[in-house]
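There are 2 protein chains.
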Amino acid sequence: MDVLDAAKRARSASRNMVGVSGETRNKALLAIADEIDKQKERIKEVNSEDTEQASKTNLATPLIKRLNLNDSKIADLTKGLRDLAKLEDPIGKTLLSKQLDEGLELYKVTCPIGVIGAVFESRPDALVQIATLCLKSGNAIILKGGSEAARTNEFLAGLIRNSIRKFDGIPEDMVQLLETREDLARLLELDEYVDLLIPRGSSELVRFIKKNTTIPVLGHAEGICHEYVDADAALDMAVEICYDAKTQYPAVCNALNTLLVHQDVADAFLSKMGKRYQEAHVELRGDEKTRKILLYAKEAVEEDWSTEHLDLILNVKVVDSLQQAIDHINRYSSHHTDGIVTESEERGRKFLRDVDSAVVLQNASTRFSDGYRFGFGAEVGISTNKIHARGPVGLDGLVTYKYMIVGAGHVVSSYVGKSAKAFNHRNLEKHWDP
Amino acid sequence: MDVLDAAKRARSASRNMVGVSGETRNKALLAIADEIDKQKERIKEVNSEDTEQASKTNLATPLIKRLNLNDSKIADLTKGLRDLAKLEDPIGKTLLSKQLDEGLELYKVTCPIGVIGAVFESRPDALVQIATLCLKSGNAIILKGGSEAARTNEFLAGLIRNSIRKFDGIPEDMVQLLETREDLARLLELDEYVDLLIPRGSSELVRFIKKNTTIPVLGHAEGICHEYVDADAALDMAVEICYDAKTQYPAVCNALNTLLVHQDVADAFLSKMGKRYQEAHVELRGDEKTRKILLYAKEAVEEDWSTEHLDLILNVKVVDSLQQAIDHINRYSSHHTDGIVTESEERGRKFLRDVDSAVVLQNASTRFSDGYRFGFGAEVGISTNKIHARGPVGLDGLVTYKYMIVGAGHVVSSYVGKSAKAFNHRNLEKHWDP
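Heads up: the protein sequence lines correspond to chains A and B, in order. So that you can map any letter, position 273 of the first sequence is 272 in numbering that gives the first Met the number 0, and since no number is skipped, the others follow by simple counting. So that you can map any letter, position 103 of the second sequence is 102 in numbering that gives the first Met the number 0, and since no number is skipped, the others follow by simple counting.
So that you can see chain A by itself, here it is in the shape it has in the complex (with noise of 0.2 Å):
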């Protein structure tokens, strides 16, 4: 498929999307996922041949497991499918309501985007994920899947495709699959016809699509995240929340990176916390003052604090006060979720008030940075953007919204010069109904 083609039919299709209900796209969500109840044995089939393609071209294990799709994994898919259906609608809320004069309104509704790019690597499910998250907030969404994926990916895309046509105004070039490493390059020209793009992927992939792009990227490129146990931290809490923020889940991007330690409390805590880490068969990589006080920390190199280590690695520093934390994390973190331990609450809002992170914690881990645990019900990603949409994004990520304003006849004259009618701005609580 020629990628402005492609895009174009999805731009086409954005345009219809706006006119179709609430109601209508949930149905959608629906079929959808009885199309892959129904079609279980025959996704398994097809994706088995990715898997078996990719023994044989060597693709590392951890891979082979995220292009698996299995019977636990397909049935967490349904069961998501069922659950986005029944979440409340993100279209056609009123933001804002008022009167500028009498007769005069003004509504701020929210809307779709209009068309998403999303970029994934290996796994399938995604594929649902993102354009189902898409269907249900009136985009169009274009996707560029993993080549290793390839016939599992054009398979679920058929599905989706066959199952929404069925649907009143619901277009099935609502969804389109790219599959080169060409087909990319093209798509993040395209400014004119995309208006968002998400990447899901490594680092890598995220950065060389911010690099290549002016289309926005919503998503993060890494997560370098810090917990700093501070002079009064309780400190066999302190162990079990930077036990819990390494060890839990270290291959993801809100683990633990680096952990910072206030010089008055290092003794007494890195001493039991590397007793904790060493049983776990975490590899330290420490400051200085560290290594003096744990005398088998390897030491960290000045790359070490700004790599994001996504294993059983972990940064360690001594820092002389609370401001040295704050400043070492404004410097090397990604912003994407950073803690403290402190039992001082005026220590804990400094931290959180200028620590320039997505996601502030005092007294928990930085793994509950999350839009699941947030309690979003579906998330698109982690953003460390500044703007639109910040920290763990929900559904609130795909919409935008746009002003309306119904007149009887206003003309901008009547309220200019000596005879100047008055704007009275007076707040309605009323709902746009569309």
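These are computed hints drawn from the structure, not numbers from a lab. All the pointers check out, no bait thrown in.
One copy or two, it doesn't matter: identical chains are merged, so the pair holds either way.
Listed below are the simulated SDA-like cross-link pairs for lysine to any residue, each with C-alpha atoms no more than 25 Å apart in a straight line:
(1) K209 <-> V398
(2) K85 <-> R425
(3) K97 <-> V398
(4) K349 <-> E22
(5) K420 <-> P249
Following the hints, complete the assembly by docking chain B onto the known chain A.
Structure of chain B alone, referenced to chain A:
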């Protein structure tokens, strides 16, 4: 001043700004207003040096008018500052508060974006407006003004820096001033230090900036606005609206650029409308059907439909249907502001829903698309972005949010596996107390 150095100073200042209370920021705004009043004569002297120089270099008269700071503009400026001080603090607002589980609370709280880059031409009053909007919202600002206003800009930036540094915690480095085109080119590269660019000026300037930076840009390049007169429009109302939209202030982005008319009313409407436009010396450029009705209309060429006229020139087209009008607008509009004149609620709602623009209107002039008329108090600009802020943007376009979590030693491992605790995701009606 070295641009990188200026950007680093701004970033550092922005880190300190988060600790400055709303009360202190408001006091600083009032101090700037007082200082402008006090130094009014000196400001006019410095400004007259710029305007004299500009006259010598044969700068166009409208540009010299914009450059000139007279008593009335200075009075508007100080009144604006005192009004801004009265507006609600956009920082520290709790957007959401939730209990995730007993003792584990989540807050979503507004905070400054960080460092804003503002690029503007000619008007030195824009420097004061933008710098003070950033002060109100706790952001640092890097200003790049036009070289024709160099003396005035330098004086005003110095005045602001001198006024704010008297206030506890507000670093004078909050305001940075650049001057040359080379400085701008360098600034556009500094995505590590600048979080958002706000260009105010010609569409050429805005397009140049959008093309040459990876920093997000807030604003619009063009205002190609439409009014569509439907088959069942009240024609006298339509005449008044289309007259106002075109002639009330033709040089601005929300002025009418193209008029679309349903064929059923084309004869009756265009005959009336044409007379009014002739009286106002509006040059009409029509399609074939229009020129059969208005014999004096010039021929519209393809380029006209996508050209922002900013003058008493108007494109006119007769369409077969509401859908054709919507399709024309979605193709040629700059997605800024578009309106319909119709007595049909159903057809009005379809137009408002299907036209993909920041502001859509029924039975009102496009000229209402404006932050002050919307009652936003202060206007950052008008955005045609689909993400972050769309349409007229108030102070909310200069803030982002962060998620703050306060726990009591909570770890994620308690919420997974066999005896997993459950989240309760209970809404709290609590406000974050900074």
